[in-house]
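So the sequence shown is residues 301 to 461, counted in this note's numbering.
Derived by calculation from the structure, the hints in this document are not laboratory data. Among these hints, one or two may not hold up.
As a list, the in silico DSS-like pairs of lysine-lysine whose alpha-carbon atoms are at most 30 Å apart [stated by the list, open to error]:
hint: 1; residue 1: Lys-365; residue 2: Lys-392
hint: 2; residue 1: Lys-392; residue 2: Lys-378
hint: 3; residue 1: Lys-357; residue 2: Lys-303
hint: 4; residue 1: Lys-378; residue 2: Lys-389
hint: 5; residue 1: Lys-381; residue 2: Lys-392
hint: 6; residue 1: Lys-303; residue 2: Lys-365
hint: 7; residue 1: Lys-378; residue 2: Lys-303
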Amino acid sequence: MLKNYLLIFFISMVPIIELRGAIPIGLGMGLPVLPTYLLCVLGNMLPVPFIYLFARKFLIWGYHKPLIGPICRFCINKGEKGGRALEAKAGKGLTVALLLFVGIPLPGTGAWTGTLAASILDMKFKDVLIACMGGVLLAGIIMGLASAGLLGALSGLFAAG
């Protein structure tokens with residue numbers, strides 16, 4: 301059982317997969333909902349300060365390196381594009397927009413991309429932590445409900461009515 305908990309904890313740290321993939325995996329392994337949710341939230345949030353503090357510096361450093369340059373350029377361009385689009389739509393509500401960006405489980409969104417975009421936009425560290433935590437909690441609830449089949453059951457209920 302401990303092995304399964306560690307597995308979902310580490311899966312939730314992986315970029316792109318994050319807790320959006322870890323929660324369905326945990327529930328699919330038969331783990332209880334609440335511990336799965338909490339471990340995945342913790343695992344997803346653990347990299348956030350490191351991404352905010354170091355990812356941008358690393359990407360800028362690697363931008364012109366022959367081996368990692370294309371990956372670094374891709375990440376910088378994706379972060380800048382996402383950050384500028386978020387900033388243009390949000391205006392003064394940038395923290396709330398970041399929370400929703402992280403919290404709505406769609407491809408290309410999540411704590412990794414959101415934190416990178418926030419660091420490129422020079423958002424305050426405290427605002428980034430608050431927005432990412434809120435977004436990860438929201439994404440976890442959405443994925444937990446979806447994984448448990450409640451969203452499908454509710455949509456069937458409304459379609460029948």
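Cross-check of the supplied hints:
1. Lys-365 to Lys-392: 36 Å, violated
2. Lys-392 to Lys-378: Given pair Lys-392, Lys-378 holds - Cα atoms ~22 Å apart, limit 30 Å.
3. Lys-357 to Lys-303: 34 Å, violated
4. Lys-378 to Lys-389: 17 Å, holds
5. Lys-381 to Lys-392: 18 Å, holds
6. Lys-303 to Lys-365: Not OK: Lys-303 and Lys-365 at ~38 Å, beyond 30 Å, violated.
7. Lys-378 to Lys-303: Outside the cut-off at roughly 34 Å; violated.
Against the hints set out earlier in the document, violations occur for numbers 1, 3, 6 and 7.
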